[in-house]
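Asks: All chains should be modelled from the sequences, with the hints used to inform the complete structure.
Going down the list, the sequences are from chains F and Y. Count along the first sequence from 1, add 959, and you get the number used in my numbering. Count along the second sequence from 1, add 63, and you get the number used in my numbering.
Simulated from the structure, these hints should not be mistaken for lab results. Fair warning: this is a prediction, and the values are worked out from it, not measured in the lab. Each hint can be trusted.
No farther apart than 30 angstroms at their CA atoms in a straight line, the calculated lysine-lysine pairs in the DSSO-like style are these:
| hint | chain 1 | residue 1 | chain 2 | residue 2 |
| --- | --- | --- | --- | --- |
| 1 | Y | K361 | F | K1010 |
| 2 | Y | K526 | Y | K485 |
| 3 | F | K1010 | Y | K100 |
| 4 | Y | K544 | Y | K558 |
| 5 | Y | K132 | Y | K361 |
| 6 | F | K1010 | Y | K99 |
| 7 | Y | K124 | F | K1010 |
| 8 | F | K1102 | F | K1164 |
| 9 | Y | K558 | Y | K194 |
| 10 | Y | K413 | Y | K554 |
| 11 | Y | K485 | Y | K413 |
| 12 | Y | K413 | Y | K560 |
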Amino acid sequence: MKRLWIIVPTVVVLAALGAGIGWYLGVDRLETVRGVVGSEKAPFFADQRVKDAFASHGMRVEVDSRGSREMATTVPLDRYDFAFPSSVQAAERVKQARPATGTHSPFWSPVAVATFTQITDLLVAEGVARRAPEGHWVLDLGKYLDLAKRDVRWDQLKGNVAYPARRDVLVTTTHPGDSNSAGVYAWLALHQLGGGAQALDEVVKLFTDQGGLERSTEDPFEKYLTQGLNYTPLVLVYESQFVEAALAGTLPRNATLMYTAPTTPSTHTVVAFDGAGDKVGDLLVRDPQLLQLAAEHGFRTDEATAASVLARVPGAGPALPLKLTGIVPAPPAEVVDSLLTTLDQRLRQ
Amino acid sequence: MRRFLALTLGLALLASACDSSPNPTASPQASEGPFKKGSGTLRVLAGSELQDLAPVLDEVKAATGVTVKLTEIGTLDGIEKVAAGTAVREQDAIWFSSNRYLELHPEASGRIDVSTKVANSPVVLGLRASKAKELGWDQHRPTWSEIAEAAGSGRFTYGMTNPAASNSGYSALVGVAAALAGTGRALTSAEITTLTPRLQPFFAGQSLSSGSSGWLADAYVQRQSGGAPVDGLVNYESVLLSLNAGGELKEPLTVVYPADGVVTADYPLTLLSGASEQARTNYTAVADFLRRASTQRKIMETTFRRPAVPGIELTKSFGPTDGALVELPFPARYGDATALVTGFGDTMRKPARTIYVLDVSGSMKGARMKGLQTALLGLSGTDNSLSGELTRFNGREQVIMLPFSTTPSAPRQFDLPVENRKPVTNQISGYVRGLAAKGDTAIYDALTQALELAKKLDAADPKRFTSIVLLTDGERTVGPKLPAFKTYHAKLPAKIKTIPIFTLLFGESNVGEMTEVSKISGGRSFDARSGSLAGVFKQIRGYQ
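Replies: Structure (C-alpha cells):
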C-alpha cells in the first residue's frame, strides 16, 4: 500500500511525458497558406489528395470561395496570401486592388452551358444547337441571342412537350459584377452582336430578364446538380465543373454539355501577394501530381493529361471534345473591365 | 497487478483530460474526412424558420466545438441591420431562407462575405386533403391563376406570412405575380400596376396572416379546433411536410405544386464582412459540417428540406422533379423588388382593419406615452427607414384608435385612401399627439368595446382582415376581470372570436393575463419590456 505513493507520481510523470510526445507528433509542422478562390475551384482544394500533395511540400492551403470579380471589390484581400480568380482579366483587376508578387496560370477551361438532352433536342429542332463533327453539342450564340432578344418562351417552341415552361429561353448565369463566367458570357454576347449601344442594351437584358443572380459560378451549377431541370434548363458553367461532376457521378438525369460557338478560354490565374502565395502558384504550375489532380477536376492542363481524363468520363455521358474549335481569343483586361463596370451600374441602378 | 491497474487508470484519466474533442461520440464518417474545428460561439442572426435545425446544431457543437447561437429576427429587419452596418457589431453571420432581396439592396450587398447554401425548399400551397379533393387539386396541378380564381371566389381560405416581414410570404408574392404576368422573365415595377386587379382575388382568400413562417404553422394548427378553421397554408414545402409528419393535424395537408412554377428558398449561411478571424474559422467549420452528406441527409429526413449538395437521393416525400416544378424568376432590381411589397400592402392585399386598444391611464405618463406616440407616428409616416416604409399604414387600411383609462374613450376611425394617404396620416398623427395619460385601467371594458365595434364594422364591411392590438402597462384596476371577459369572448360568433388580439408585454402589465388573452383569440403576445416600443409595433404589422 505504501508503494502507491511512489506509483502515483511516477504514473503522472510518465503520462505527462507520453502526452507531451503525442502532442509533439500530433501537431503538424505545416505552414498555413490562405487563398480566396473562384467557387468552381473549391472542390479541387477540398480534395484530400490535393491537401496531401500540398502537405508533402510542407503547406496547408486554406481557401474561401468568392466570385472572381468580387475579389477586386468587396473581398478583404489583406488576409490572404493569394487570390485565384478564373481569368487573366479578373487577375488584372485583383492586382490593381492589391499589388502582386507574381502571377501563375496553371490551367484553363472554356465556359459552356450545362443542360439536358431533352433540351438540346428542342434547341436542335429550333436550329439553335447542333452537333459538331467531333460529336459534342454546340450552341449557336447568334441564333440563341436572337431568341433571347425576341423573348421567346419555352412553351412557344413548336412541338415542345419535354419542357413546356412559361419561361424565356435564357441561359442562367451569375452576376457579371461579381463573377468571371458571367463576364465572359457578356463579352461573348457583345462581341457576337458587334458592339455598340444597342448591343449593350441587349446584353443588359440577358441579365435583367433572368432576375436575381447568384454571386459565384458554383452556386448555380450546384443547383443544376441538385435540382436538375426544376431549377433551369440552361446554366452557364466552366467545362471543368461539368467534367468534375461527370467523374464524380453526380450529374442529374439526362445531363449534357453544350459549347457556345464561339467560345473563349478562361485561364485560371493565381495572383500571389507574398512568398507563400507564390509557392502555391508555382506548385500548381509545376508539380506533376497537382497538375494531374487539376485535370481530374476537369481543368485543362496539357493535352495528354486532358485526353486521359476525358477518356474516363463515363461512356453514357456526353461527348466532350479534346480540341475545341471556334475559339476566339480572350479580350484585353481593360475591355472586359469597362464592359463589366458599365453592366454592373446598369444592373444595380 | 495493482500497479498495472493504477497506471492504466492514470493514463486513461489523463487521456480524457487532454482529449480535445468535447464529445467522444462525434466521429466523422471515414469518407467525409476529419471535422474542421473552431472554438467559442458563432453568433448568427437568423430567420425563425431555422429553429427546427436545433438538433443538427447540437451535432455541429459536438463535431466542431462551435456553439451556433441563433438570434431570431424577421428577414426585413435583418436586411436593415446588415445594410446599416450594425449587424456585424453583435453578430458574425446571417442565416435566412434566402439572400435574394438582400443581395439587391444597394447598401447591404457589399456587407456580406462568403456564403454557403445549406438546403432547398420551394414555397407552395398546402390544403387540407378534403378541400384539395373537392377542388380536384389532388389529381390535377392548378396554375397560380386557377388558384387565384378559386381563392377569389371564396372556394378556399389560406394563411400566408406578410411579404414585408417574412421570406415565405415574399416568395409566394413573387411567384404568383411572375406566374400571372406570364411573361417568362423577371417582373418589373411597370408591370405591377397592370397585374394588381388579377392579384387581388388571390389575396382575398387569405384569412390568416403572420410575421413568421413558424408562427403561421402553429396558428394553423390552433385554428383547426376553433369555429373558423383555415383550409390551407402558403409556406415552405418543408413546413407543410413537417406538419404532416408532426401528428397534430386533424386532416393531412395535400401539397399543391402550382403547375406554372414556384420560388425556392436556398438557406445561405453567410459570413458578415468584417467578422473576426475566429468567427471566420468557426464559420468554415460549421459550414463544412452542414454540407457533409451525412448532415444533409439528416436535414432532409428530419426537417424535409431538399439537399443543397449533389449525390443525395431525394426521399419519396418530395414533390415534382425533373423540370416539372419550374423555378420562377425573382425581380432583377432593388426598386422592382421593393415596389412589389409596397404594392402588396397598398393595393393587392385584403385591406386591413386595425384596432389599437391603448392604455392611457396615469401610469403611462412621461416616457411611456412618449414611446407609444413615437411608435404610432412612425407607422403614420415619420419613419423613413426601409422597415418604416414597409410597415407604415397602408392604402385602403382602416385604422381605429380606442384609448382607455377609467373607461374606454370614444373610438376614432381613420380610413386611408388608395392614393394620397398623406391627409389621413396627418390626421392620425394629430390625434396621436393629442393623447394624454390620466386615470385608471379598465382593460376588459375596452377590449369588449373593441370587439363589439369590430362586430358592427364587420357586418357592414366583411371583406377586411381585422385584428386588435392591446397595449397596457399595468394590471386591470377597474371594470370586469379576465374570467368575465373570457366568458364573454367564448360566446362571440366564430368570425369575431377568431379576430387575433396581439398583446404587448410592457411596463408592469400582467404577463399571464396578456398571454391568455392573445391565446384565446389566436393572437400572439410580444415582449416590449426591453427594446423599443416602435420596434415591436413594427413587428406586429407583419401579423395585421
